Amino acid sequence: MDVEREISAIKAQLEERPGAKKKLSMIVFSGDLDKQIAALVIATGAAAMGMEVILFYTFWGTSALRDPKKRVRGKDLVSRMFGFMLPKGWNRLKLSQMEMAGAGSAMIKGLMKKKNVASLDELYAAAGAMGVKIFVCEMSMDLMGIRREELVDYPGLESVGVATFLSHAGESSIQLFL
Amino acid sequence: MADHDAIKTLDYQGLKCPMPIVKTSMEVPKIQVGQVVEVLSTDPGALNDFPAWAKTTGNEIVETRQEGTLIRIFVRRKK
Chain A
21 MDVEREISAI KAQLEERPGA KKKLSMIVFS GDLDKQIAAL VIATGAAAMG
71 MEVILFYTFW GTSALRDPKK RVRGKDLVSR MFGFMLPKGW NRLKLSQMEM
121 AGAGSAMIKG LMKKKNVASL DELYAAAGAM GVKIFVCEMS MDLMGIRREE
171 LVDYPGLESV GVATFLSHAG ESSIQLFL
Chain B
9 MADHDAIKTL DYQGLKCPMP IVKTSMEVPK IQVGQVVEVL STDPGALNDF
59 PAWAKTTGNE IVETRQEGTL IRIFVRRKK
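As you go down the protein sequences, you meet chains A and B in turn. Residues in the first sequence are numbered from 21 upward in steps of one, following the numbering used here. Residues in the second sequence are numbered from 9 upward in steps of one, following the numbering used here.
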């Protein structure tokens with residue numbers, strides 16, 4: 021007599037099983053220009069496919085989210101040095117190969133414009149518009165002396181820990197590391 | 009029917025992956041279920057990407073036409 025209830029309980033279990041959701045969780049570890057482009061193409065593409073998309077920025081990836089227009093005061097010496105050495109935002113990233121002291125990334129950006137490939141500015145704007153969620157690793161930010169106030173204004177951007185990523189990754193059908 | 013009664017044309021000529029499907033996925037929810045839009049693309053990847061997109065999102069590719077480098081894809085919103 022409780023068959024219906026049992027069926028709905030089984031259905032609920034099926035929906036909650038790992039990997040059941042149309043969801044993509046990606047760790048964005050790299051601060052290389054080429055890998056950032058790949059990450060954002062996959063993220064916006066997945067969102068277009070109707071998937072929920074979670075990006076978790078850690079280590080070198082976090083500097084991609086720095087806003088070149090924002091300045092933060094009161095950092096200690098090491099943090100200031102890190103801040104000086106790390107790229108200020110996604111438009112200052114370098115290629116992982118063939119960088120040739122800046123010529124490589126300049127050339128790729130020129131080619132992207134010429135061939136009408138979306139820039140990181142456009143890709144991040146599309147990601148934001150489609151609800152791609154960005155989490156930033158709190159520990160990485162702390163380690164590198166990057167403050168929340170110097171990150172870009174991206175809708176819903178949050179700084180979190182690894183447990184948040186793992187709980188999202190656990191229910192995702194696709195998990196990637198870039 | 010020549011144009012499948014497409015209610016509008018989305019001109020994405022020149023755009024590269026992933027922008028044709030990114031923009032299409034933002035436009036399709038604006039039309040009514042059952043209506044058709046025509047997408048213009050010059051990205052050869054669109055020939056495979058649009059059917060994959062439609063399959064995953066539950067929409068329908070009514071017809072794909074190639075006219076030289078121009079690809080015309082008719083998309084019906086199914087849900």
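Don't read these hints as lab results, they were simulated from the structure. This structure is a prediction, so every number in the text was calculated from the model and none was measured. Glycine is no exception: its CB is placed at the ideal position from the N, C-alpha and C atoms. Some hints here could point you the wrong way.
Claimed, not checked - In silico SDA-like cross-links for lysine to any residue, where the CA-CA straight-line distance does not exceed 25 Å:
| no. | chain 1 | residue 1 | chain 2 | residue 2 |
| --- | --- | --- | --- | --- |
| 1 | A | Lys153 | B | Arg73 |
| 2 | A | Lys43 | B | Lys38 |
| 3 | A | Lys134 | B | Thr77 |
| 4 | A | Lys129 | B | Arg80 |
| 5 | A | Lys134 | B | Pro52 |
| 6 | B | Lys86 | B | Pro59 |
| 7 | A | Lys43 | B | Glu35 |
| 8 | A | Lys55 | A | Asp96 |
| 9 | A | Lys153 | A | Met127 |
| 10 | B | Lys31 | A | Asp162 |
| 11 | B | Lys38 | B | Gly76 |
| 12 | B | Lys86 | B | Val70 |
| 13 | A | Lys114 | A | Lys41 |
| 14 | B | Lys31 | A | Lys89 |
| 15 | A | Lys89 | A | Asp162 |
| 16 | A | Lys55 | A | Lys89 |
| 17 | A | Lys31 | B | Lys31 |
| 18 | A | Lys114 | A | Lys31 |
| 19 | A | Lys42 | B | Thr77 |
| 20 | B | Lys31 | A | Ile128 |
| 21 | A | Lys43 | A | Asp141 |
| 22 | B | Lys63 | A | Ala149 |
| 23 | A | Lys41 | B | Lys31 |
| 24 | A | Lys41 | B | Arg85 |
| 25 | B | Lys24 | A | Gly109 |
| 26 | A | Lys90 | A | Val172 |
| 27 | B | Lys31 | A | Glu170 |
To be verified - Non-contacting residues of chain B with respect to chain A, defined by C-beta distances greater than 12 Å in every case (computed):
| no. | residue |
| --- | --- |
| 28 | Lys31 |
| 29 | Val36 |
| 30 | Thr50 |
| 31 | Ala60 |
| 32 | Ile69 |
What the hints assert, rightly or not - Beyond 12 Å from chain B on every Cβ pair, some chain A residues (computed):
| no. | residue |
| --- | --- |
| 33 | Phe104 |
| 34 | Lys135 |
| 35 | Glu142 |
| 36 | Gly190 |
Once the closest CB in chain B is found, is it more than 12 Å from A:Phe104? Nearest chain B Cβ is 34 Å from A:Phe104, so the label holds.
Find the nearest Cβ of chain B to the Cβ of A:Glu142 and say whether that gap is larger than 12 Å. A:Glu142 not clear of chain B: closest Cβ-Cβ about 8 Å, inside 12 Å.
Can the restraint linking A:Lys114 and A:Lys41 be considered satisfied, given a maximum Cα separation of 25 Å? violated, 35 Å
A:Gly190 clear of chain B by more than 12 Å, beta carbon to beta carbon? holds, 21 Å
When you check the alpha-carbon spacing of A:Lys134 and B:Pro52, does it fall within 25 Å? holds, 17 Å
Given the proposed pairing of B:Lys31 with A:Glu170, does the C-alpha separation stay at or below 25 Å? violated, 30 Å
Restraint check for A:Lys89 with A:Asp162, where alpha carbons must lie at most 25 Å apart: Measuring from Cα to Cα gives roughly 20 Å; hence the hint holds.
Restraint check for A:Lys90 with A:Val172, where alpha carbons must lie at most 25 Å apart: holds, 8 Å
So if I understand the rule, the pair passes when the alpha-carbon distance is 25 Å or less; does B:Lys31 with A:Lys89 pass? Cα-Cα ~29 Å, so violated.
Keeping to a limit of 25 Å between CA atoms, is the pair of A:Lys129 and B:Arg80 held or broken? Outside the cut-off at roughly 29 Å; violated.
Between the alpha carbons of A:Lys31 and B:Lys31, is the straight-line distance 25 Å or under? violated, 34 Å
Given the hinted pair B:Lys86 and B:Val70, is their alpha-carbon gap at most 25 Å? holds, 11 Å
Comparing the model with each numbered hint stated earlier shows that hints 1, 4, 8, 9, 10, 11, 13, 14, 17, 18, 19, 27, 28, 29, 30, 31, 34, 35 do not hold.
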